[in-house]
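Using this note's numbering, read the sequence shown as starting at 102 and increasing by one per residue.
Rather than coming from a laboratory, the hints here were simulated on the basis of the structure.
What you are looking at is a predicted structure, and each value in this text was computed from that prediction instead of being measured.
Keep in mind that the hints are not guaranteed to be accurate.
To be verified - The list that follows gives simulated cross-link-like pairs (lysine-lysine, DSS-like), each with its CA atoms no further than 27 Å apart:
(1) K196 - K165
(2) K103 - K203
(3) K203 - K165
(4) K165 - K103
(5) K196 - K103
(6) K196 - K162
(7) K103 - K208
(8) K103 - K206
(9) K208 - K196
(10) K162 - K103
(11) K196 - K206
(12) K165 - K208
(13) K206 - K165
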Amino acid sequence: MKICITSEGNTLDSNVDPRFGRCRYFIIAESDTLEFEAIENPNIESMGGAGVQSGQLIASKAVKAVLTGNVGPNAFQTLNAAGIQICTGVSGTVKGAIEGYKSGKFKATEGPSVGSKFGMPGRGNK
102 MKICITSEGN
112 TLDSNVDPRF
122 GRCRYFIIAE
132 SDTLEFEAIE
142 NPNIESMGGA
152 GVQSGQLIAS
162 KAVKAVLTGN
172 VGPNAFQTLN
182 AAGIQICTGV
192 SGTVKGAIEG
202 YKSGKFKATE
212 GPSVGSKFGM
222 PGRGNK
């Protein structure tokens, strides 16, 4: 199954990025084979709309689930509308997150985990 993990780097050994819309990279991985593609997030410096734009990008990759630390309301709505399962509270390495997902460690999130401005530059949050 194809899943997306927000990442601070471009490898499976990178740490999970706690942000969705403004994460550094999206790792699109095949959960069974661990084959992956690292996509640098073009929305990391966006002044607005990063969650929606990132959600649309990930939806275009035909993933079934997103693993991340947090997701805001706009990204949640975009991903949810595309039928993508969203799991928040994920930390550690990307590879560890994939293994945790496969073993059933993460449950689907029922709603956004942070406000709409989380992760914006200059807001004092990561």
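* Asked: Regarding the pair K165 and K208, is the alpha-carbon distance no greater than 27 Å?
  -> Holds - the C-alpha atoms of K208 and K165 are around 13 Å apart, at most 27 Å.
* Asked: Between K103 and K208, does the CA-CA distance stay at or below 27 Å?
  -> 17 Å, holds
* Does the alpha-carbon distance linking K206 and K165 stay inside the 27 Å limit? -> 16 Å, holds
* Restraint check for K103 with K203, where alpha carbons must lie at most 27 Å apart -> 11 Å, holds
* Are the Cα positions of K196 and K103 separated by 27 Å at most? -> Measuring from Cα to Cα gives roughly 14 Å; hence the hint holds.
* **Agreement of K165 and K103 with the hint, judged by alpha carbon distance not exceeding 27 Å** => Holds, because 6 Å separates the two Cα atoms, which is no more than 27 Å.
* Taking 27 Å as the top limit, are the C-alpha atoms of K196 and K165 close enough? -> 17 Å, holds
* Is the hinted pair K103 and K206 satisfied, with a Cα-Cα distance of at most 27 Å? -> 17 Å, holds
* To do: Would you mind confirming whether the straight-line C-alpha gap from K203 to K165 stays at or under 27 Å?
  => Holds, at roughly 13 Å.
* Could you grab the alpha-carbon distance between K196 and K162 and see if it respects the 27 Å cut-off? => 19 Å, holds
* Agreement of K162 and K103 with the hint, judged by alpha carbon distance not exceeding 27 Å -> Within the cut-off at roughly 9 Å; holds.
* Is the straight-line distance between the alpha-carbon of K208 and that of K196 27 Å or less? -> Status holds; Cα separation ~17 Å.
Violated hints are absent here; each numbered hint is respected by the structure.
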